[in-house]
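S.K.: Fit chain B to the known structure of chain A by using the hints.
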Amino acid sequence: MGLNEITGILLAIVTASMPLLLAAIGELVAERAGVLNLGVEGMMAVGAVVGFIAGYDTGMPVVGVIAAVVAGVAMAAVFGFFTLVFVTNQVASGLATTIMGLGLSALIGDKYVSIPGLGLSRIHIPGLTDIPLVGPVIFGEDPLVYVAIALCVGVSWFLFRTRAGLVLRAVGDNHGSAHALGYDVIRVRFLAVLFGGLCAGLAGAYLSIVYTPQWTPSMTAGRGWIALALVVFGTWLPLRVVIGALLFGAVGILQLNAQAYGIAVPSQFLTMLPYIATVVVLVIISGNRMLMRSNTPACLGQSFVPDR
Amino acid sequence: MAIELVRRAERSTLLSLTSPLIALALALVVGGVIFGLIGVNPGKGLYTYFVQPLTAAWSIKDLIVKMTPLLLIGVGLAICYLANTWNIGAEGQFALGGIFSASIPVYFPHSGGPPVIIAMLLLGIVGGMAWAAIPALLKVRFGTNEILTSLMLVYVAQLLLDWVARSPWRDPQGHNFPNSRPFSPDQLLPNVFGLRLNFYIAIVVAIAAWFMLKNMLTGFQIRVLGQAPRAGAFAGFSQKRMIVIAFLISGALAGLAGASDVMGPLGQLKISISPGYGFTAIIVAFLGRLNPLGIIAASFVLALSLIGGQQVQIQFHVSSQFANVFQGILMLLVLATDTLIFYRVRIVRRAPAAAAVAVAGGAHGAQ
Chain A
1 MGLNEITGIL LAIVTASMPL LLAAIGELVA ERAGVLNLGV EGMMAVGAVV GFIAGYDTGM
61 PVVGVIAAVV AGVAMAAVFG FFTLVFVTNQ VASGLATTIM GLGLSALIGD KYVSIPGLGL
121 SRIHIPGLTD IPLVGPVIFG EDPLVYVAIA LCVGVSWFLF RTRAGLVLRA VGDNHGSAHA
181 LGYDVIRVRF LAVLFGGLCA GLAGAYLSIV YTPQWTPSMT AGRGWIALAL VVFGTWLPLR
241 VVIGALLFGA VGILQLNAQA YGIAVPSQFL TMLPYIATVV VLVIISGNRM LMRSNTPACL
301 GQSFVPDR
Chain B
1001 MAIELVRRAE RSTLLSLTSP LIALALALVV GGVIFGLIGV NPGKGLYTYF VQPLTAAWSI
1061 KDLIVKMTPL LLIGVGLAIC YLANTWNIGA EGQFALGGIF SASIPVYFPH SGGPPVIIAM
1121 LLLGIVGGMA WAAIPALLKV RFGTNEILTS LMLVYVAQLL LDWVARSPWR DPQGHNFPNS
1181 RPFSPDQLLP NVFGLRLNFY IAIVVAIAAW FMLKNMLTGF QIRVLGQAPR AGAFAGFSQK
1241 RMIVIAFLIS GALAGLAGAS DVMGPLGQLK ISISPGYGFT AIIVAFLGRL NPLGIIAASF
1301 VLALSLIGGQ QVQIQFHVSS QFANVFQGIL MLLVLATDTL IFYRVRIVRR APAAAAVAVA
1361 GGAHGAQ
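Protein chains in written order, with our numbering: chain A, 1 to 308; chain B, 1001 to 1367.
The shape of chain A in the complex, shown without the other chains (with noise of 0.2 Å):
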C-alpha cells in the first residue's frame, strides 16, 4: 500500500465520520440541557433533500448547505414545540419526528432520486495541500469539516467555558434547581434543541452534497441513530465524540474495502457492522458505570413544567 492509498484511506475515513460528528454534536448540546431528542434521524433526513433540492436547482450547493441548516431548524422547532411547551413524552416525540422527517423526505424529493448533484470540492492550498500524506488531509478536505471542527470547538468551549454554558448545564442537571434561581429552563432548552437540528441539518447537507453527491430515500441508514449512540460512547464530552465519530467512520470504510476487496462473507453481514459495533460499543460504555454517572445529565429526557 502506498503513500496515496493511505491519504486516501484517511481521507475516506475522514469523509465518513462526517455526518455522524455533526448530528452527534448538535445532539450532545440538546441532552446537556435535557433533552433526548430522537427525531436527529428524522431531521437528518430532511436536512439531506431540502439541502440536494436548493443546491440542484439554484445551482449553488452553499445555497443547499444553508436551506439543509433552515430545514432542520424548522424540524427541530417541531420537535421543541411538542416536548417542551406540550411537555409530551420526549421518547416518543422523537419517534414520531423522525418517522415524520422520513417520510417527509421521500415526499419532497420524490422527482429528484439518484439525480447526480453537485457537490462541494475539496479546498486545496498550494504547498500544504501538497504535502505527502498529511498534507490532503489536514489542508485539504472540503469546507464543511473545517466548519464541523470549528463547531465542535466551539461547543466545548462554550459548555465548560462560559456562563451560558453553565447555565445550559445547570439546565440538563437540575431543572427545578435552575428554574428557582430564575432561569428560563424551556427557553434553554428550546434553543438547545435549535442547535441539535441545525447540526442535523448540516449533517444531512453532508451526505447529500458532499458524501454523494446525490439524494435517495433513507441515504441517512440510521446514521442519526449511531449519532446519538456517540453521544453516549463519548459520555457527553466533546473530544470523546470527535473520536468515537472518526472510530465509527473507520468502522464504515473498512466494511466498504472489504466488500471491494471481495472478501469471503456476504455483504449484508460487513453492512450489519456498524450497528453491531454500536450495540457493542453502548455495551462497553454502559457497562462502566462510573464513566456513566460522572457526565450522564441529570434530567436527561424529563419534561418540566414550571410552577406557576
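FYI, nobody ran anything at the bench for these hints, they're computed from the structure. In this text, a Cβ means the ideal position worked out from N, Cα and C, and glycines have one as well. Please note that a few of the clues may not be correct.
Derived lysine to any residue pairs resembling SDA-like cross-links, with alpha carbons at most 25 Å apart [said to hold, decoys possible]:
#1 K1270/B - L300/A
#2 K111/A - V1030/B
#3 K1240/B - K111/A
#4 K111/A - L1248/B
#5 K1214/B - L1248/B
Distance windows between CB atoms, simulated [stated by the list, open to error]:
#6 R1008/B - G182/A: 22 to 30 Å
#7 V113/A - V1204/B: 55 to 63 Å
#8 L239/A - P1229/B: 45 to 53 Å
#9 I1003/B - G8/A: 49 to 57 Å
#10 V1204/B - A150/A: 43 to 51 Å
M.R.: Just chain B, lined up with the frame of chain A:
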C-alpha cells in the same frame, strides 16, 4: 406572547375519552394542508386517503390484512410502554419471526397440516422473543440503553433477512428472484369466514392482554413499575424481571405477526416483508392510549392510513410516504392532546418588563 400550561385540579374525563379523536381530526386538517401544499385538492386528497379505502370490498379486506400485524405488535408494545420500557425494535423482531417460521417450508417443503402450521407459528414467536431478549438482557445486565440497541437490531435483522432470502434460502426454481420457495397451501394459515386465522388470533390476544393488565398481578406490577418505580420496588416487584417480561411479550407478538404474515398474505419469505409495521405499531400503541381494546380501533385507523397512502400514490402520483408524514403528525398530536387531559393551556402576553427580566435571566443569569 407565550403558551403556558396550568395543571388542572382534576384530570379531564371528557378529554381522556375524546383525546385520540381530537388528535385524529387535527391530523386530518394538517394532512389536508399538506395536500394543498403539494398541489392536490385537499378535499379530494383526504377523501382518497381516508374514505375511499372503506368503499370497496377488496380494500376493506386489505385493510384487515394490514390491521392484523399492527394490532399484534401494538398490543405488545403497549405492554412495554406501560412498563416504561422502550422497545422500538419490533420491526426487527417481526423479521426474525418471519425467518424462523419460514425455516420449516424451506427445509421440509413437503410437510404440512395443522401441526406444522402450529409449529411455524411457535417458531415465529421464538424468533421474535430471541431478538427482543438481546436488548432486554443487555439493559438488565449492563444498563445499556434499550432504545438504541433495539433499534440497531432492526438494521441487523433486515440485513439478515436480505441475506437469507437472496442466498441460502433462495428458491432454485424462482428465476433468480430473491424469494424463498412458495409455501405449499397446507403450510399457510387457513381462512375462517373469509378472513385469515391470524386476524382472530390478534383480536383474542388483544382481549387477553386487556384482561391481564386489568385483573392479573403481572399486569398490576407492569403498571406500578411503569408509573412509580420506587413504589414498585418497595412492594418487592422486580424492575429487571419486568423489563425482561415486557420485552419478551412484545417480541413474541411481533414474531407471531411476522410468522403469520409470511404464512398468509405473502406465502413465502422475501427480502422485504413489512412496510414498516414495527414502527407504525408504535403509533398504534399510543393512539390506542396503551389500552389493548383502544389499540384494536387504533390499528384499524393506521391500517387505513397505510392503504390510503397507496391510493394517494395511484391517483395523484404523490409518494406513498405521505402516510408516514401523516402518522408522525398524528402521533405528536396524540401526545399533545394527552397533555391536555392534565393541563389547561393559557396564552399569556408577558408585560415588557417581565419579558426583559426573563431574557436577562435566560442569557446571563440572575445574580
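S.K.: Does the Cβ-Cβ separation between I1003/B and G8/A fall within 49 to 57 Å?
M.R.: holds, 53 Å
S.K.: With the threshold set at 25 Å, check whether the alpha-carbon distance from K1270/B to L300/A stays at or below it.
M.R.: Violated, at about 40 Å.
S.K.: Given the hint that K1240/B pairs with K111/A, test it: the Cα-Cα distance must not exceed 25 Å.
M.R.: violated, 49 Å
S.K.: Has the hinted range 43 to 51 Å been met by the Cβ atoms of V1204/B and A150/A?
M.R.: At roughly 59 Å between Cβ atoms, A150/A and V1204/B fall outside 43 to 51 Å, so the hint is violated.
S.K.: Given the range 45 to 53 Å, decide if the beta-carbon distance of L239/A to P1229/B lies inside it.
M.R.: Taking Cβ atoms as reference, L239/A and P1229/B lie about 34 Å apart, which means the hint is violated.
S.K.: Taken at face value, is the distance from the CA of V1030/B to the CA of K111/A at most 25 Å?
M.R.: The hint holds at about 23 Å.
S.K.: The hint says 55 to 63 Å between V113/A and V1204/B; measuring C-beta to C-beta, is that right?
M.R.: violated, 43 Å
S.K.: Just tell me: holds or violated, for the beta carbon distance of R1008/B and G182/A against 22 to 30 Å?
M.R.: At roughly 27 Å between Cβ atoms, G182/A and R1008/B fall inside 22 to 30 Å, so the hint holds.
S.K.: Is K111/A within 25 Å of L1248/B, Cα to Cα?
M.R.: violated, 42 Å
S.K.: Keeping to a limit of 25 Å between CA atoms, is the pair of K1214/B and L1248/B held or broken?
M.R.: Given that 25 Å is the threshold and the Cα spacing comes to 19 Å, the pair holds.
Violated hints, listed in ascending order, are 1, 3, 4, 7, 8, 10; each of the other numbered hints is respected by the structure.
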